[in-house]
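Visitor: Here are the chains, one letter per residue:
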Amino acid sequence: MKEILFISGKGGTGKTSLTSSFIHLADNCIACDYDVDASNLPILLKPQQVSNHDFSAGYTSHIDEETCISCGLCAELCRFDAISEEFQVLPLSCEGCGFCEKICPVEAITMYPRSSGHWSEGVFNQKQKLFSADLRPGEENSGKLVAQVKNMARAMADTEQTQLIIADGPPGIGCAVISSMVEVDLIVLVTEPSRSGFHDLQRVYQLMQLRGIKGILIINKWDLNPDISQEIENWAQKNDLPLAGKIPFSNVIVESIAKAEIPATNPEVRKMLSPLWENINKGIGC
Amino acid sequence: MQIAVASGKGGTGKTLVSTCLLRVLGDNNSVLIDTDVEEPNAGLVLGQVAQTTTPVSRFVPDIDPDSCNLCGKCAEICSFNALVVLSDKVLVFNELCHSCGACAYLCPLRAIKEKGHPIGVIEEAQLPGYGTLLTGRLNVGEALSPPLIKATKSQKATSALRIVDCPPGTTCAMIESISDSDYCLLVTEPTPFGLHDLELSLEAIEMLGIPGGLLINRWQGEDSDLIALSDKTGVPILGRIPFSPELAQAYMQGKDPLEAMPSLRGILTNIFSQIKGALS
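First to last, the protein sequences are chains A and B. Here this note's numbering is used: position 116 in the first sequence is 663, and no number is missing along the way. Here this note's numbering is used: position 29 in the second sequence is 351, and no number is missing along the way.
These aren't lab readings, by the way, just hints derived from the structure by calculation. Even for Gly, the Cβ is constructed at its ideal location relative to N, Cα and C. A hint or two may mislead.
[To be verified] The calculated lysine to aspartate or glutamate pairs, modelled on DMTMM-like cross-linking and capped at a C-alpha distance of 25 angstroms, are:
hint, chain 1, residue 1, chain 2, residue 2
1, A, K829, A, E707
2, A, K593, A, E623
3, A, K761, A, D787
4, A, K761, B, E417
5, B, K472, A, E633
6, A, K691, B, E398
[As the list claims (entries may be wrong)] Quick partial rundown of chain A residues pointing at chain B, CB under 10 angstroms, derived from the structure:
hint, residue
7, A585
8, Y606
9, A622
10, N772
11, I804
12, W824
Model the full structure from these sequences, guided by the hints.
Guide: Set out below in structure tokens:
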């Protein structure tokens with residue numbers, strides 16, 4: 548089994564448009580959305596028979612008002628400013644470290660499991676599986692929820708003998724991205740020819756290098772700025788990062804997304820993306 | 323006044339809006355804080371290079387092998403499995419540590435001190451005429467951004483106008499970025515993705531009790547879904563930036579967006595008046 552991950556560093560470069568399209572072009576695959584705090588792949592794949600599963604990771608502390616003697620030790624020691632002046636826990640600030648529970652002289656503090664959101668399994672295109680998740684706003688543990696989605700998808704791939712997982716990654720370079728890279732065989736870096744896009748690409752490329760994962764590059768909307776596009780191409784060549792292809796700005800893709808449709812269901816887009824898909828397949832050794 | 327510029331979805335135009343807000347409203351006492359520490363872009367957009375760079379660390383345990391008797395208490399109390407006690411030493415996994423300090427405080431032999439683990443830098447650039455840019459930049463490979471966001475935001479706390487360019491999403495990093503703000507301006511785009519992610523951001527600002535307003539970027543006339551969401555939530559639409567290929571081009575090249583779209587100045591001034599009105 549192979550896993551391909553689409554990431555970009557910068558948001559809004561077209562990851563989800565392209566990931567959904569390549570999922571459509573692949574013969575058979577399991578689809579994953581690791582952007583657990585802004586999950587958009589399901590909007591395009593429109594899964595049916597969706598089952599949601601609660602996900603809890605970590606803890607939140609609770610102070611029992613009756614027992615608390617207002618000594619203030621917990622508030623003094625808490626590094627996260629999670630205990631108010633009235634000695635109430637602020638759940639959004641609490642990291643769940645349990646320090647307060649352990650030092651409370653009258654044992655007024657207990658830790659309870661914290662619901663971080665849910666992960667989902669659904670079916671699209673009649674028989675293909677989509678795994679995604681929705682982190683509750685403000686929650687931590689996005690990395691753990693990503694790991695949960697990944698584990699479920701990989702277990703399903705084993706059970707069903709599916710040879711390929713295609714995953715839409717989160718923006719940035721932090722915990723969610725690091726977690727989404729685990730066990731990945733090929734990373735498709737999707738960039739756009741802007742100063743910000745190029746800068747963010749280089750940071751996510753560094754992270755990919757640190758993790759020792761192979762990558763391939765797509766320059767999306769390249770014709771909006773041919774100069775920076777060329778600069779990115781030169782940089783990629785210098786770094787031995789192969790180019791899967793360049794995609795011109797396409798109104799057809801914009802219109803597909805506005806209608807919440809997979810861009811590659813349009814024959815023109817399909818034709819444009821097919822050579823890139825072949826290059827990605829070569830990159831992964833299929 | 324502190325205004326957070328946020329969005330659920332990435333690439334909707336947060337940095338465009340926050341840098342232009344500073345260009346339009348800023349004076350020498352204003353500050354723009356880029357808390358998208360994983361991928362900070364405000365400096366690139368403003369064409370500014372940092373003049374000073376300050377390293378930021380967070381605490382991780384440092385175990386004195388001579389004092390430690392391998393009792394295992396630290397591993398037992400660590401909620402993040404950042405400490406593993408072997409038969410001859412204690413292993414510390416810095417990347418799992420949340421810097422809570424419990425192990426150092428509770429070690430029966432006081433064998434644990436805390437030491438700084440570098441996580442990133444705060445860059446400062448002076449912008450002649452419109453203030454200071456503070457950028458948090460996370461080291462590549464570091465997982466946890468909130469401590470760096472907090473450190474970056476703690477600078478220049480007394481500035482009259484603070485604009486915070488937030489990271490995308492609605493996780494702890496976004497919450498840390500918008501917290502303590504007087505107002506949250508949510509930049510969205512009229513697509514199904516924009517709408518979906520905006521709903522999540524609205525939940526986040528409601529949880530924090532921060533008043534908010536919407537700015538629709540790349541507007542092309544049709545925005546009935548966003549109007550419906552605004553009506554349902556009571557969060558007003560403060561303005562619309564029309565879709566403009568010239569603006570997109572200029573922005574991509576790092577040129578001044580206000581020159582590419584002069585009407586942007588009026589749109590943002592008007593939004594700021596509405597924010598001031600809402601807060602008075």
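Visitor: Would you mind marking each hint as holding or not holding in the structure?
Guide: Hints, one by one, checked against the model:
| no. | hint | result |
| --- | --- | --- |
| 1 | A:K829 to A:E707 | holds, 24 angstroms |
| 2 | A:K593 to A:E623 | violated, 49 angstroms |
| 3 | A:K761 to A:D787 | holds, 10 angstroms |
| 4 | A:K761 to B:E417 | holds, 23 angstroms |
| 5 | B:K472 to A:E633 | holds, 23 angstroms |
| 6 | A:K691 to B:E398 | holds, 21 angstroms |
| 7 | A585 | holds, 4 angstroms |
| 8 | Y606 | holds, 7 angstroms |
| 9 | A622 | violated, 14 angstroms |
| 10 | N772 | holds, 5 angstroms |
| 11 | I804 | holds, 6 angstroms |
| 12 | W824 | violated, 22 angstroms |
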